[in-house]
Amino acid sequence: MLLPRSLMPSFQEMRAFEATARHGSFTTAGRELSLTQSAVSKQVRQLEDTLGVQLFIRLPGGVALTPHGERFLLSARRILDDCEKATHAIVSSVGSQRTLRIAVLPTFASRWLIPRLPAFIARHDGVTVELTTEPKPFDMVERSVDVAIHYGAPAWPNGDVTFLCREQIVAVGSPAYLRANHVKHVDDLQHATLLQQATRPHIWQQWFASVGAEHPYPYRGPMFDQFAMTSQAAVAGMGIALVPTFLIERELVRGELQALPNPPWSGPGAYYLVTPVAAAGDALVADFVDWMLGQVSYRPSDKADMSSRISDHSASSNATRSKARR
Numbered sequence: 001m002l003l004p005r006s007l008m009p010s011f012q013e014m015r016a017f018e019a020t021a022r023h024g025s026f027t028t029a030g031r032e033l034s035l036t037q038s039a040v041s042k043q044v045r046q047l048e049d050t051l052g053v054q055l056f057i058r059l060p061g062g063v064a065l066t067p068h069g070e071r072f073l074l075s076a077r078r079i080l081d082d083c084e085k086a087t088h089a090i091v092s093s094v095g096s097q098r099t100l101r102i103a104v105l106p107t108f109a110s111r112w113l114i115p116r117l118p119a120f121i122a123r124h125d126g127v128t129v130e131l132t133t134e135p136k137p138f139d140m141v142e143r144s145v146d147v148a149i150h151y152g153a154p155a156w157p158n159g160d161v162t163f164l165c166r167e168q169i170v171a172v173g174s175p176a177y178l179r180a181n182h183v184k185h186v187d188d189l190q191h192a193t194l195l196q197q198a199t200r201p202h203i204w205q206q207w208f209a210s211v212g213a214e215h216p217y218p219y220r221g222p223m224f225d226q227f228a229m230t231s232q233a234a235v236a237g238m239g240i241a242l243v244p245t246f247l248i249e250r251e252l253v254r255g256e257l258q259a260l261p262n263p264p265w266s267g268p269g270a271y272y273l274v275t276p277v278a279a280a281g282d283a284l285v286a287d288f289v290d291w292m293l294g295q296v297s298y299r300p301s302d303k304a305d306m307s308s309r310i311s312d313h314s315a316s317s318n319a320t321r322s323k324a325r326r
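Position 15, counted from 1, in the sequence shown is what UniProt numbering calls 15; the numbers after and before it change by one each time, with no gaps.
These are calculated hints, taken from the structure and not from any lab test.
For glycine and all other residues, C-beta sits at the position ideal for the given N, C-alpha and C.
Accuracy of the hints is not assured; some may be wrong.
Here are the computed distance ranges between Cβ atoms for each label pair [stated by the list, open to error]:
| # | residue 1 | residue 2 | range |
| --- | --- | --- | --- |
| 1 | Arg179 | Arg123 | 40 to 48 Å |
| 2 | Asp49 | Lys136 | 33 to 41 Å |
| 3 | Ser210 | Ala86 | 29 to 37 Å |
| 4 | Arg45 | Arg98 | 21 to 29 Å |
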């Protein structure tokens with residue numbers, strides 16, 4: 001049930017409140033909003049009257065937030081930010097027949113998807129692509145997203161899940177770091193710095209188990225929240241990183257990173273394409289899914305498992321595609 005309009009603040013009042021809170025001054029907020037000091041003060045007073053609480057303490061040299069003001073500021077900023085993003089999204093798509101909204105993992109987007117997107121866009125005149133980064137699953141009903149690219153398990157609220165590929169993970173370091181620390185094999189990692197990935201806290205322990213080795217401190221080392229940071233830390237000589245090969249193709253080719261001789265390891269999860277259940281008949285969404293599957297090469301290893309890798313080259317004529325839909 002909606003609140004009465006008399007209890008709902010106006011957009012202008014929230015803008016005046018947020019600017020005043022940020023600057024601690026009605027005068028400075030007025031300059032930003034092209035309003036007089038008295039106009040800003042009046043809008044804030046109207047907001048306080050609507051909410052029935054005092055948002056600011058008036059001081060000789062400015063204003064300070066009350067506890068109610070601090071609480072409301074968080075919500076006001078979120079509302080204003082959502083409005084700005086929504087407005088920008090509409091303005092940016094003017095002239096387009098359709099916008100394809102894609103939620104994707106940050107490093108996957110920057111290192112793999114974006115370099116390939118021009119080929120897809122060239123095939124779809126009048127389509128605008130909108131990318132947002134999302135590290136965790138979300139409800140497809142609540143968010144206006146056409147496709148999500150997800151790593152983990154094939155489970156997603158209100159989404160159809162299509163298997164995309166597995167990843168091949170290698171241990172890498174800069175040539176200078178490897179030489180300085182005499183790292184040539186997995187056994188040499190006992191005294192090396194292990195670069196930790198915040199989104200994969202168990203990755204080192206799992207990798208050591210996969211190669212039949214042990215490490216006394218597999219969880220110890222500098223931590224980064226994206227593979228892009230982890231790989232660049234390895235390039236900078238901060239330690240050894242475990243990174244999917246498709247995210248460091250350039251660094252490997254340039255010789256900025258060197259992989260240990262252990263065979264690539266497929267982690268416990270996989271990459272999936274997720275589409276809203278309600279978009280089952282959407283031709284553009286279906287075409288994007290097919291295009292994505294066409295960018296990867298599948299290599300079956302046995303009937304129980306599908307091992308695959310992301311490739312820069314188009315799939316060969318005898319490549320097979322597999323979809324795993326929930």
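Indicate whether the distance between the beta carbons of Arg179 and Arg123 respects the range 40 to 48 Å. 46 Å Cβ-Cβ, so the 40 to 48 Å window holds.
For the pair Asp49 and Lys136, does the Cβ-Cβ distance stay inside 33 to 41 Å? At 40 Å between Cβs, range holds.
Taking 29 to 37 Å as the stated bounds, is the beta-carbon spacing between Ser210 and Ala86 within them? violated (45 Å)
Assessment of proposed distance window 21 to 29 Å (beta carbons of Arg45, Arg98): With Cβ atoms ~45 Å apart, the hint is violated.
In terms of the numbered hints stated before, the structure departs from hints 3, 4, listed from lowest to highest.
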